[in-house]
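Residue numbers (our numbering), protein chains in the order written: chain U, 3 to 74; chain L, 89 to 348.
Heads up, a few of these hints could be off.
[Said to hold, decoys possible] Each computed DSBU-like pair below joins lysine-lysine, with the alpha-carbon atoms no more than 35 Å apart:
#1 U:K66 x U:K25
#2 U:K30 x L:K186
#3 L:K98 x L:K299
#4 L:K299 x U:K25
#5 U:K30 x U:K66
#6 L:K186 x L:K299
#7 L:K299 x U:K30
#8 L:K186 x U:K25
#9 L:K98 x L:K186
What the hints contain is simulated information worked out from the structure, not anything from laboratory work. Values in this document were obtained by computation on a predicted structure and should not be read as measured data.
This is what each chain is made of:
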Amino acid sequence: MAEAEALAERIAARGPIAVRYAKEAVSKGLDMTLEQALRFETDLTIILQTTEDRAEGVRAFLDKRPPEFYGR
Amino acid sequence: MDSRVLIYEKDGGIAWVTLNRPEVLNALNMEMRDELWQVLHALQDDPDVAVAIFKGAGEGAFSAGADISEFGTAPSVVEARRARRERDLWGYMLAIDKPLIAAIHGFALGAGVELSMCCDLRIAAEDARLGLPEVSLAYIPSAGGTQLLPRTVSPGLAMGLILSGDTIDAQEALRIGLVQRVVPRQRLYAEAETLARQLMTRGPLALRYAKEAVTQGLDLPLAEGLALEARLARLALASRDGREGLRAQREGRAPQFLGV
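One chain only, chain U, in its complex shape (with noise of 0.2 Å):
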């Protein structure tokens, strides 16, 4: 149970756009041939490049200090 709620608390401190995309790609990815899985891969990255929180992930990281994300 606590490390249950440790994972989660883990997965819930990452950015909630890029983890609900993780989780698609993984799971819509394993029913395609792998040359449309990388496309499908790349064009989520592409879209999540116009996130505020992905702008913040990468300045937070070289700032070194905790990112905030809104889910943005």
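Given the structure of chain U, go ahead and fit chain L onto it with the hints provided.
Positioned in the frame of chain U, the structure of chain L alone reads:
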């Protein structure tokens, strides 16, 4: 000290590719990806190269991943997508028909571990730490990680690693099948070379067909995959090397393969 960001050396049929930006844990920047594109073509096209081994320079890392200081430098997302489609680096690496080995030490994170998953075999030093931490930056793996990890380890384990961004050590990577072998740090390159030399005693044509059967087969319904395997097996058997393999076995001697 070699100043190139990627070092390509050939030694008796083995191509050694060294990621060489040790001061930034071999972070993959654009220059390195440009050179990787060239090197991948060189080793694919060079008949003297039988096997390639990828490794990272310095003590700290195989590669800590994409160079984050270059993030956000593309003029636009449209441009970024066009660039990715024009030059499909990871797709090209996955299509190389020679065996590729990753010799991993220290950090192999993000694009670093993804590059290793574009290889066929992964050997890790005891100090290796592997992971896909992208979601910590509100991003997802973009060098094939979301697709290659579920096809390398079980989908459930892959999902857990990708959603948590957790890093695992060499023993855990061995346990889940992400790496095939764990060796002491000082033995890493000797072991990788031994493995490469072992592969070189096999028929090169058979290795190519075997790699094709496994990688293409994963994209096919079972019946079509089995038909592909049967077709490639017939071709291998009818080849000069195939006949030599049978003859050598009958005569109780080591076979001489020519790759035809």
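Any hints this thing doesn't respect? Which numbers, in order? Checked against the structure, no hint fails, so every one of them is satisfied.
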